[in-house]
Amino acid sequence: MGLLSNAAALLGKEVRTEFRSRELLSTTIVFVLIVVVLFSFTFDPTANESHRFGPGLLWLAFLFAASLMLQPCFLREQVNDTLSALRLAVSDPFAIFLAKIGANTLFLLLTELLMLPVFAALFNVSFRGQVSGILLTFFLGSLGISVAGTALAAISAQARMRELLLPLLLLPLLAPILVASTEVTVSLMGPEPFMQWKGIGFLAVFDVVFLTALWLFGEYLLEE
Amino acid sequence: MKNLDSIFWAYILGWAIFFGFYLSIAKRSNDLRAEVDRLKKSAPGNSREK
Amino acid sequence: MAAAAEPSIGLRFEKVDKRYGAVYALRNLTLAIAPGECVALAGRNGSGKTTLLRIASCLTRPTRGTLSFSGVTENQNPRAGFVAHAAMVYDELTAEENLLFFAKLLGVADRRRLVHELLCEVGLAERKDSLVRTFSRGMRQRVAIARALLANPSLLLFDEPATGLDPEATSWLTGQLRELRDSGCTIVMSLHGESQVARLATRAVRLDAGSVVADTRSGATFQSVFTFAGA
Amino acid sequence: MAKRVLLGAAAVLLVIAAAYASFFVAPEERTMGALQRIFYFHVSCAWAGLTAFSIGFLANLVYVWKRKEKYDWLGVSCAEVGVAFTTVVLISGPIWAKPAWGIYWTWDARLTSTFILWLLYISYLLLRTLIEEPDRRALLSALFGIFAFIDVPIVFGAIRWWRTQHPAPVIMGGPNSGLAPGMRGTFFFAVFAMHILMWFLIAERYSLEKMRNDVELLRQEAEAT
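Protein chains in written order, with the numbering used here: chain A, 19 to 242; chain B, 31 to 80; chain C, 14 to 244; chain D, 26 to 250.
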């Protein structure tokens, strides 16, 4: 069974179990909503240059949400030791990571898109006409978060204090994602929006670097 | 010259950190040596000579 | 029960150590199991039975020493069927969904028919649409056995399969194991003391502190292996 | 044992000599005057810190491959020494920046990536305290060490592209770009001295880690009887 077909089957299971309970998505969306609203309290919403620092706060909210949302990713697999069953069934352990990265990116993207209108209203930012650019940035940013986050979730699942440990390991690691995504989003939501292709390229480089690292070292993360 | 003392402080703090780090290593080593002696005393029969 | 089409698998542990920090779960263990044998592993808790099975299933790597398989093409994972204490199935999926999912992962052809057949054999046909979360210990064991048999393995590993089963489920388990043994499968199962399931074994091995201390193949009697009053 | 004492003595002497050189031997820098003399200490510590983390990164890679305990010991020793050096850099940096540019912190790419590097390796050391089983701890911390190290150049790139508003002054631009001959000699002597100190501290920390393992074995034996 090929890597991709294994990953597809696994992704199907991840999505089905999530949409059956929807517990992960609902908690993440509410968390981001709370963080964004709280952030908007910290400044005068009518300020005209809110488009300059609004996106930064938005991406910060996404990073916080992701560092909490990625917790159960491997903790769920410890129930009934299903992780061992997966490791026995798949031909390449990287398929497990691919599927979890896909699922996490999808859930993050869903949360981000649901938050976009709320953010625009609160921070009085317009993103008309730039939706495709924003979608691309959100996707690449979420992918970067998911790749690094899934790798570290596999590590923190095997340590004590794992609820606090994952944000601690993940947030400094995601510094480049925070800077790059914020910059691209700012230029997209500004008075005369333009696309920073340099930033998009940078995000893509981050994703590729960490995907390759995961491809090389992924199996050791799952090893007993 | 005001900024001369900022150099002075930078050097002092720097060396303090290095010395503090070395001290922490030395302290941890001594604790372990004491532990080794304690273990050796409590089970002299089978402990291998280090 | 589908006969084991492929040639049965033998396995050989060669001076295997498994160390967790300074604790040795397995120490210099050498054990050869021929294809088709049905081996019962006896030993106190912590004697290394579970570690041995997890290494045999390739879930865990030995710290030192080697594990080799015969009857398997070069470095191809033997895809052993492994039934452990944990059911290794998803609580939030139904019995059928679990089996279909793992069958898809294993790349089994004609999944629906095989899953339906297995569910009938393990006696879960009428509960196939209820979530595994609602299952009893015995029913979880049945789903786990069905999952282990999905890839039609010729090497089966059981970690204390009979514990927690009521008498009726135990006799069902004994029947299943007898069928598997007679179809030429190599079986290695760890058991907690003498039991109905143990009588199926063609060979018994006792582990203590991570090494083999008694083996019916080298002269010990079944009786002595199971009631070995080790020091 | 004597070799280590010798190394320690050499390290201390060299560091003092470097300090002496940076105050009295190196020529006065025209614009910043005496303030610039901290530069030798600050940048040599940064380089030594980075070297320590690089050795640690290699140790992590080899541990994942070879699974020998000594590489784990080397990895954690380099990480701790690297954190010590980086702490000095992060303290001496602002002390010097305040009088020179009137601000404590600049979004300079080097300083910021050093700060992220420092945070990552503090998390690395914290992670090690949260996993009991030695082999698991060694493997997982080695893997995190690898992910952390490859993140740093990316951080450096991100900051340099978007955050370095004012071009760094000539001296900070590139260590030997604006250096007069007299300065360059002192600078590389300071770098050499710091690397000897780094080597000494790594050796000390390594022997501590090795002793900790021996004690564990002894304790295990004591329990076994």
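Keep in mind that the hints were calculated from the coordinates and are not lab data.
Incorrect hints may have been included.
Listed next, the in silico BS3-like pairs over lysine-lysine satisfying Cα-Cα at most 27 Å (straight line) [claimed, not checked]:
{"id": "1", "chain 1": "D", "residue 1": "K235", "chain 2": "B", "residue 2": "K71"}
{"id": "2", "chain 1": "D", "residue 1": "K28", "chain 2": "D", "residue 2": "K123"}
{"id": "3", "chain 1": "D", "residue 1": "K91", "chain 2": "B", "residue 2": "K70"}
{"id": "4", "chain 1": "B", "residue 1": "K70", "chain 2": "D", "residue 2": "K235"}
{"id": "5", "chain 1": "D", "residue 1": "K95", "chain 2": "B", "residue 2": "K57"}
Computed footprint of chain A on chain C; a stretch qualifies when at least three of its residues, placed anywhere within it, have a C-beta under 8 Å from a C-beta of chain A [stated by the list, open to error]:
{"id": "6", "region": "65–76"}
{"id": "7", "region": "100–107"}
{"id": "8", "region": "110–118"}
Over the 10 Å line for every Cβ pair with chain C, so calculated as not near, a few chain A residues [to be verified]:
{"id": "9", "residue": "N24"}
{"id": "10", "residue": "L28"}
{"id": "11", "residue": "V33"}
{"id": "12", "residue": "I47"}
{"id": "13", "residue": "L56"}
{"id": "14", "residue": "S58"}
{"id": "15", "residue": "F61"}
{"id": "16", "residue": "E67"}
{"id": "17", "residue": "V97"}
{"id": "18", "residue": "T100"}
{"id": "19", "residue": "L104"}
{"id": "20", "residue": "R105"}
{"id": "21", "residue": "L106"}
{"id": "22", "residue": "V108"}
{"id": "23", "residue": "L132"}
{"id": "24", "residue": "E210"}
Positions of the beta carbon are idealized from the N, C-alpha and C atoms, including for glycine.
Evaluated hints:
The straight-line distance between the Cα atoms of K235(D) and K71(B) is roughly 21 Å, inside the 27 Å bound, and the hint therefore holds. A threshold of 27 Å between alpha carbons decides the hint, and for K28(D) with K123(D) the separation of about 41 Å lies outside it, so the pair is violated. Restraint check for K91(D) and K70(B): not satisfied, since their Cα atoms lie roughly 32 Å apart, outside the 27 Å limit. Only pairs whose Cα atoms come within 27 Å are accepted, and K70(B) paired with K235(D) is accepted, the gap being roughly 17 Å.
For a cut-off of 27 Å, the pair hint linking K95(D) to K57(B) stands: about 22 Å separates their Cα positions. Residues of the region 65–76 of chain C with a Cβ under 8 Å from some Cβ of chain A number 6, which satisfies the need for three, so the listed coverage holds. With 7 residues carrying a beta carbon less than 8 Å from a beta carbon of chain A, the region 100–107 of chain C meets the three-residue requirement, and the given coverage holds. Look at the region 110–118 of chain C against chain A: 5 of its residues bring a Cβ nearer than 8 Å to a Cβ of that chain, three or more, so the hint holds.
Non-interface status of N24(A) relative to chain C is broken: a Cβ of that chain comes within 10 Å, the nearest being about 6 Å off. Not every Cβ of chain C is farther than 10 Å from the Cβ of L28(A); the closest lies at roughly 7 Å, contradicting the non-interface assignment. Distance check for V33(A) against chain C: the nearest CB is about 12 Å away, which clears 10 Å, and the non-interface claim stands. Under the 10 Å C-beta cut-off, the non-interface status given to I47(A) relative to chain C holds; the minimum distance is some 20 Å.
Every beta carbon of chain C lies more than 10 Å from that of L56(A), the smallest distance being close to 32 Å; the non-interface claim holds. S58(A), annotated as away from the interface, keeps every beta carbon of chain C farther than 10 Å; the closest lies near 36 Å. With a least beta-carbon separation of about 42 Å from chain C, F61(A) lies farther than 10 Å from that chain, consistent with its non-interface assignment. Distance check for E67(A) against chain C: the nearest CB is about 47 Å away, which clears 10 Å, and the non-interface claim stands.
In this structure V97(A) is not separated from chain C by more than 10 Å, as the shortest Cβ-Cβ distance comes to only about 6 Å. Interface exclusion of T100(A) from chain C breaks down, the closest Cβ pair being 6 Å apart, not more than 10 Å. Chain C draws L104(A) into its interface by the beta-carbon criterion, the shortest separation being 7 Å against a cut-off of 10 Å. For R105(A), the requirement that its beta carbon stay farther than 10 Å from each beta carbon of chain C is not met, with the minimum near 6 Å.
Not every C-beta of chain C lies more than 10 Å from that of L106(A), the closest at about 6 Å, which undercuts listing it as non-interface. With a closest Cβ-Cβ approach of about 6 Å to chain C, V108(A) is found to fall inside the 10 Å limit, against its non-interface label. Here L132(A) stays apart from chain C, with its beta-carbon at least about 24 Å from theirs, past the 10 Å limit. Distance to chain C confirms E210(A) as a non-interface residue, since its nearest Cβ pair spans about 49 Å, more than 10 Å.
In this structure, the earlier hints numbered 2, 3, 9, 10, 17, 18, 19, 20, 21, 22 are contradicted, and the remaining ones agree with it.
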